[in-house]
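> Got chain L; can you put chain H on it based on the hints?
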Amino acid sequence: MRRVLILFAHPVVERSRVNRRLLATAREVTGVTIHDLYEVYPTLDIDVKREQRLLLDHDVIVFQHPFYWYSAPAILKEWQDLVLEHGWAYGHGGTQLRGKITLNAISTGGPESSYHRDGYNRFTIRELLAPWNQTAHLCGMRFLAPFAVHAALQVIGDRDLESQRAAYQLLLEALRDDRLDLDRAAAAENLVVSLPTLVPREVA
Amino acid sequence: MTDSVLAQAFIYLCAAVIFVPIAKRLGLGAVLGYLIAGVAIGPFALGFVGHEGNHVMHFAEFGVVMMLFLVGLELRPALLWQMRRPILGLGGMQVAVTAAVVGAAALALGAAVKPAIAIGLTFAMSSTAIVLSTLTERGLLKCRGGQSSFSVLLFQDISVIPILAVFPLLGLATTTAITDPTSESGRPAWLSGLIVIAAVVGVIAIGRFVVRPVFQFLAGAQLREAFTAAALAIVVGIALLMLQVGLSPALGTFLAGVVLADSEYRHELESDIEPFKGLLLGLFFISVGAQIDFALIGSRPLQIAGLVLGTMTLKLVVMHALGRLFGLDRASRWLLAISLAQVGEFAFVLLSFAVQQRIFGTELASTLVATVAISMVLTPPAFIVLERYVLPRVTDSAEERPTDEIIDEGAPVVIAGYGRFGQIVGRLLRANRIQLTILDLDPEMVDVLARLGIKCYYGDASRSDLLHAAGCAHAKLFVVAVDNAETATKIVETVRAHFPHLPIVARCVDRPHYWKLRGLGVRKVFRETFGSAYETGIEALKHLGYRAHTAHRLAQRWRKHEESVLEELGDLWRGGDRDTYFKRTRGAMDEAERLMRDEDPTVYSEGHGGWDNESLRADRNINEAAVEDSEVS
Numbered sequence: 174m175r176r177v178l179i180l181f182a183h184p185v186v187e188r189s190r191v192n193r194r195l196l197a198t199a200r201e202v203t204g205v206t207i208h209d210l211y212e213v214y215p216t217l218d219i220d221v222k223r224e225q226r227l228l229l230d231h232d233v234i235v236f237q238h239p240f241y242w243y244s245a246p247a248i249l250k251e252w253q254d255l256v257l258e259h260g261w262a263y264g265h266g267g268t269q270l271r272g273k274i275t276l277n278a279i280s281t282g283g284p285e286s287s288y289h290r291d292g293y294n295r296f297t298i299r300e301l302l303a304p305w306n307q308t309a310h311l312c313g314m315r316f317l318a319p320f321a322v323h324a325a326l327q328v329i330g331d332r333d334l335e336s337q338r339a340a341y342q343l344l345l346e347a348l349r350d351d352r353l354d355l356d357r358a359a360a361a362e363n364l365v366v367s368l369p370t371l372v373p374r375e376v377a
Numbered sequence: 076m077t078d079s080v081l082a083q084a085f086i087y088l089c090a091a092v093i094f095v096p097i098a099k100r101l102g103l104g105a106v107l108g109y110l111i112a113g114v115a116i117g118p119f120a121l122g123f124v125g126h127e128g129n130h131v132m133h134f135a136e137f138g139v140v141m142m143l144f145l146v147g148l149e150l151r152p153a154l155l156w157q158m159r160r161p162i163l164g165l166g167g168m169q170v171a172v173t174a175a176v177v178g179a180a181a182l183a184l185g186a187a188v189k190p191a192i193a194i195g196l197t198f199a200m201s202s203t204a205i206v207l208s209t210l211t212e213r214g215l216l217k218c219r220g221g222q223s224s225f226s227v228l229l230f231q232d233i234s235v236i237p238i239l240a241v242f243p244l245l246g247l248a249t250t251t252a253i254t255d256p257t258s259e260s261g262r263p264a265w266l267s268g269l270i271v272i273a274a275v276v277g278v279i280a281i282g283r284f285v286v287r288p289v290f291q292f293l294a295g296a297q298l299r300e301a302f303t304a305a306a307l308a309i310v311v312g313i314a315l316l317m318l319q320v321g322l323s324p325a326l327g328t329f330l331a332g333v334v335l336a337d338s339e340y341r342h343e344l345e346s347d348i349e350p351f352k353g354l355l356l357g358l359f360f361i362s363v364g365a366q367i368d369f370a371l372i373g374s375r376p377l378q379i380a381g382l383v384l385g386t387m388t389l390k391l392v393v394m395h396a397l398g399r400l401f402g403l404d405r406a407s408r409w410l411l412a413i414s415l416a417q418v419g420e421f422a423f424v425l426l427s428f429a430v431q432q433r434i435f436g437t438e439l440a441s442t443l444v445a446t447v448a449i450s451m452v453l454t455p456p457a458f459i460v461l462e463r464y465v466l467p468r469v470t471d472s473a474e475e476r477p478t479d480e481i482i483d484e485g486a487p488v489v490i491a492g493y494g495r496f497g498q499i500v501g502r503l504l505r506a507n508r509i510q511l512t513i514l515d516l517d518p519e520m521v522d523v524l525a526r527l528g529i530k531c532y533y534g535d536a537s538r539s540d541l542l543h544a545a546g547c548a549h550a551k552l553f554v555v556a557v558d559n560a561e562t563a564t565k566i567v568e569t570v571r572a573h574f575p576h577l578p579i580v581a582r583c584v585d586r587p588h589y590w591k592l593r594g595l596g597v598r599k600v601f602r603e604t605f606g607s608a609y610e611t612g613i614e615a616l617k618h619l620g621y622r623a624h625t626a627h628r629l630a631q632r633w634r635k636h637e638e639s640v641l642e643e644l645g646d647l648w649r650g651g652d653r654d655t656y657f658k659r660t661r662g663a664m665d666e667a668e669r670l671m672r673d674e675d676p677t678v679y680s681e682g683h684g685g686w687d688n689e690s691l692r693a694d695r696n697i698n699e700a701a702v703e704d705s706e707v708s
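In order, the protein sequences belong to chains L and H.
The first sequence runs 174 to 377 under my numbering.
The second sequence runs 76 to 708 under my numbering.
Hints in this document: simulated from the structure, not taken from any laboratory.
One or more of the hints may lead you astray.
What the hints assert, rightly or not - Straight line, CA to CA, 30 Å or less: simulated BS3-like cross-link-like pairs of lysine-lysine: (1) Lys565/H - Lys551/H; (2) Lys551/H - Lys250/L; (3) Lys250/L - Lys273/L; (4) Lys599/H - Lys635/H; (5) Lys530/H - Lys599/H; (6) Lys222/L - Lys617/H; (7) Lys217/H - Lys551/H; (8) Lys599/H - Lys551/H; (9) Lys617/H - Lys250/L.
To be verified - To list a few chain H residues with every Cβ distance to chain L over 10 Å, as calculated: (10) His342; (11) Ala623; (12) His627.
All C-beta atoms in this analysis are idealised placements derived from N, C-alpha and C, irrespective of residue type, glycine included.
Bound conformation, chain L alone (with noise of 0.2 Å):
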């Protein structure tokens, strides 16, 4: 069993359409430590020592937030630029992350259909996503593709985003059971919707 840590950062969780049902959906799912970094930071003011303990307690590390301006809320920055540290992290002896799995869990405004060469974003979601695939990379750790909700607006309730909700806690029971191919999950673009294709039914 994996052990799944969820690094959640959203600055106004209270008006959050999607990540806080999200959030709430994670929840559920036994085996999964959420760790609510504005919550916990208000002032961002990071207790590294104690992120790094965090992140060597768990074998998947997924970033839950808001896609805001291409990337995420500024304490996730924050958190890269304490916590990954030099010889931790990366560098010389910096080994603490390698074999570990990561990827973005991350709601946009925009369509799925803008995020494309010919869209008004220019980009996909996958190569928006290049500095953390990079960061990743470098700490030695396995990239997935994203679990990327799109048009986040368009939520209004509840059953607006039951298939979602249905997939990502698929995605983290997956993760957490080793059932997941993470081969074809890491090449893929969109967790949301290639999830089934990636999970082996139980055999009944």
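Structure of chain H alone, referenced to chain L:
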């Protein structure tokens, strides 16, 4: 009978209602007010009350019992233990030496040996009722002199018991000479001793193990008056028990008070007993006033005046000398000596007991009673003299301790005031290895800091020569952290006048003080309680379900507004038009509310629809929309 009791009560209450507030207004204090009221309604002025005042007085003495119970409630056992030296040493010496000196004086005036001893012992007592009430009223009970006075009074209360035992040996009434005067039965001494010890243990046990469950039960029943009844029952019951075993009831209830000082019902007991104590003590003082026999005084004014002045002078000199012996400072010595110079209410008891034991005759006794009463009446005025004329001359502590010689070590920061506020600033700076020159005017603080290894100079930071010596000419920053607004202002004025280029950061007390200091050119002024109150507010928001980060952002937004308004309001305050000022203040509150609601700082990209496909399509120009959005978030 009922009529006369009601009429009496009405007269006493009216006298108190009329005279006490007048006396307080005139700055004479409540105790003197009661005494004057007593004189006014007594047989020698208006004649509303006659000689039954004596009975009233016995009843009213219960006020003293209640007062000692309340005093006990304020004194935790540990604190009482700390005071053992002044109680036994200073108190014991006071009773012994005063008794000897007054006794010798009586001898010199022609009294026989035994009456002289009795008079000496009687006059060694001071008035717990008047002294404690006056000290409390003037807020002097907690200071060193006040505490010493209290210690001596406590010892006097204890010593009444052996004195009562000694009197029969001095008298001519041989029939009762052997037995303990306060107990009816002729118990042997060892049994009496055992009973006394058992009673004391009983009081402690009651306080520890009985009172709490009883009060818990009563609290469950939610009966306010049952609480009051129980509190009164405790005091009355213990007083009864003490009388039975021949101990002073005041002492017994004091003990019970000390035992209950640690209990959670302390405040409950205090507030229940307090009004009864106040009324009974008032009654007591009124009856003292009413008892003064002006006919007797009128018949030989010089003799009585001489006795009063002689007694008070002797007691004062003895107490002052003992205060010096016990290392009290000048102000405390004077406070102690003047507060204990009168003869106390125990003297009334002892004098009548002395007559009963035929130590001396009624004529001498009534002269002495008049002397005692007058000395008590003179105590509140003596306090006024003490406060107005004596203390100002002897307390100038700045004179007593010379300013320290300051060694300028070139520290970049000079900090004035190193109490609760300054120490926090100082600790932060020192932790960052920033050198400080510290000035403080509290000698105790300077000594405490010295023990912590922190060099703090004793001196008045509003003196320019001292600021020069502290290196203000080359310092980079001056921090004003004193707690007194006027002192802070004075320091700022001096620094601004002599070192105009030295930036100042200052602590202020309230808004007007804030504007005052800003007006004097202080760069940054901090309201002394703002920081912790601000943090408390954030914590409250969190407890009400706000996300931690949201609470911080809202608080920061609010604080910025609060600070900008504060600057703006300063102009209106200085302008002097209070109507405009309050109108603007109200407006600012509304503004702050709108700020939290409308210009919510927590609105990020979401909610504006900036990233929504539909809105982007409507805007046509994507780049413009993105720029707009980034400005909002």
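> Against this structure, judge whether each hint is valid.
Structure-based check of all given hints:
1. Using a Cα cut-off of 30 Å, the hinted pair lysine 565/H and lysine 551/H holds, with the two alpha carbons roughly 20 Å apart.
2. Note on lysine 551/H and lysine 250/L: the hinted pairing is violated, with a Cα-Cα distance of about 37 Å set against a maximum of 30 Å.
3. For the given pair, lysine 250/L sits about 20 Å from lysine 273/L by alpha-carbon distance, which is consistent with the 30 Å threshold.
4. Restraint check: the Cα-Cα separation between lysine 599/H and lysine 635/H comes to about 14 Å, which is no more than 30 Å; the hinted pair holds.
5. Between lysine 530/H and lysine 599/H, the direct Cα distance comes to roughly 26 Å. Compliance with the 30 Å bound is thereby established for this hinted pair.
6. The straight-line distance between the Cα atoms of lysine 222/L and lysine 617/H is roughly 25 Å, inside the 30 Å bound, and the hint therefore holds.
7. Between lysine 217/H and lysine 551/H the CA atoms are separated by roughly 41 Å; this puts the pair beyond 30 Å, and the hint is violated.
8. The suggested pairing of lysine 599/H with lysine 551/H holds, with an alpha-carbon distance near 14 Å, which does not exceed 30 Å.
9. Taking the CA atoms of lysine 617/H and lysine 250/L, the gap is about 25 Å. The hint holds against a cut of 30 Å.
10. At roughly 37 Å, the least C-beta separation between histidine 342/H and chain L is larger than 10 Å, which holds for a residue marked as non-interface.
11. Some Cβ of chain L comes within 10 Å of the Cβ of alanine 623/H; the nearest lies about 4 Å off, and the non-interface call is violated.
12. Annotated as non-interface, histidine 627/H brings its C-beta within 10 Å of a C-beta of chain L; the closest such distance is 4 Å.
Figure legend: structure checked against the earlier numbered hints; hints not met, in rising order: 2, 7, 11 and 12.
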